[in-house]
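For chain F, the structure is supplied; the task is to place chain S on it using the hints.
Chains as they are written, first to last, in this note's numbering: chain F, 1 to 191; chain S, 192 to 382.
Hints are supplied without guarantee of correctness; some may be wrong.
[Stated by the list, open to error] A partial selection of chain F residues facing chain S, derived with a Cβ cut-off under 10 Å: (1) PRO29; (2) VAL33; (3) SER114; (4) TRP155; (5) SER157; (6) VAL159; (7) SER173; (8) ASP176; (9) LEU188.
Hints listed in this document are in silico derivations from the structure and should not be mistaken for laboratory results.
C-beta: ideal position from N, C-alpha, C; glycine also.
There are 2 protein chains.
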Amino acid sequence: MSSPRKRLSPDLRRAQLLDIGSRLFAERPYEDVWIEEVADLAGVSRGLMYHYFSSKRDFFAEIIRVESARILEMTAPDTSRPITEQVAAGLDAYIGYVLAHEHGIRAVNRGAMSGDTEIQAMVTAELGVQQDRILAALPPEIREDEVLRTALRGWVSFVRAVCLDWMDRRTISEEDVRALCLRALEGLLRL
Amino acid sequence: MSSPRKRLSPDLRRAQLLDIGSRLFAERPYEDVWIEEVADLAGVSRGLMYHYFSSKRDFFAEIIRVESARILEMTAPDTSRPITEQVAAGLDAYIGYVLAHEHGIRAVNRGAMSGDTEIQAMVTAELGVQQDRILAALPPEIREDEVLRTALRGWVSFVRAVCLDWMDRRTISEEDVRALCLRALEGLLRL
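For reference, chain F alone in the conformation it holds in the complex (with noise of 0.2 Å):
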């Protein structure tokens, strides 16, 4: 279905298509998704949309880009406070984010199973940073040590997949997810 056309600036215009694309590619596998539907569902001509994205790889790759650095901006942690702090805050961000935005979480999924390498590094990147936040706010003497940062790497990937499970089946509550991954932290760092 197709809504009548407006203006709006190029920003937001942008904005919209990267939306539209987001909840398109969280819905469906990479190759079931048509660039020209995007256009058709904002109303503007396919014209246009090539003229904001060259391709329908670089539009998926803009979009992965986007939603990692909106997670991370949302999940930024306030650094001046203790570090179960910073975690928790950084741990409710990101379930709000999961809540919020459940199309962007599976969107990112799919690109980090997209088998396009460059793609693939922004997601593993991201889960990077993650581990590296809670590393920096460790204290010096530990923040070295080679099996907690093992620790944290799986920790993160931990996060991850107990969101796409609880969303696939919903069968717990947010605070129950929240519980189990400080739980599981907690056991990681009592080393």
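Structure of chain S alone, referenced to chain F:
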């Protein structure tokens, strides 16, 4: 480099081709592997290669199927033993597989990120079997706990992420990996 052509039974030839493919897909992105190179490395004609596998995609799918089945077979639990021993033995077998068949794990990981829905489903199914094995070993009254079920889904992702990070960095010992994964699970089971 071609090796001299040897007579092999069809089963052995097939296994040889799959093993060569697993090593190549572990080292390089999917698009950089050529089925002709596999034939050359095995010292067989390209026609014979296509006799065994109808396309590169089918060849890759078969590698993932065989490697996943091998992981599940090697880590199969002895259900007569207590759960902690079953899990510890399964984890030992998994780590042993990672060490002995690093290329197999990497090829499976490539499959998880391949963007091919059917291949991804095989990899997800393997993680699901690992999760179900632990659930099946738990007492019935806690087996139905949805939080625990979610925790185990997260844990199998944790173990895979930790093992991939370990192979990439090699900064911790096999014993560290084993202890880290077991401690994470113990923390989660203490609900």
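**OP:** Double-check F:PRO29 for me: the hint is only fine if its C-beta lies closer than 10 Å to a C-beta in chain S.
**Re:** holds (6 Å)
Subject >> Hint validity - F:VAL159 Cβ closer than 10 Å to any chain S Cβ >> reply: holds (7 Å)
**OP:** Against chain S, run the beta carbon of F:ASP176 and see if the smallest gap drops under 10 Å.
**Re:** The hint holds - F:ASP176 has a Cβ within 10 Å of chain S, the shortest such distance being about 5 Å.
Original post:
Is the shortest C-beta separation between F:TRP155 and chain S less than 10 Å?
Top reply: holds (7 Å)
Subject >> Proposed interface contact between F:SER114 and chain S, which counts if any beta carbon pair is under 10 Å >> reply: Given a least distance of 5 Å, the restraint on F:SER114 holds.
Original post:
Does the CB of F:VAL33 sit less than 10 Å away from some CB of chain S?
Top reply: violated (12 Å)
Original post:
Would the stated hint for F:SER173 survive a check requiring a Cβ distance to chain S of less than 10 Å?
Top reply: holds (9 Å)
Subject >> Proposed interface contact between F:SER157 and chain S, which counts if any beta carbon pair is under 10 Å >> reply: holds (4 Å)
Original post:
With a cut-off of 10 Å, does the beta carbon of F:LEU188 approach a beta carbon of chain S closely enough for the hint to hold?
Top reply: The hint holds - F:LEU188 has a Cβ within 10 Å of chain S, the shortest such distance being about 6 Å.
The structure does not agree with numbered hint 2 stated previously, though it agrees with all others.
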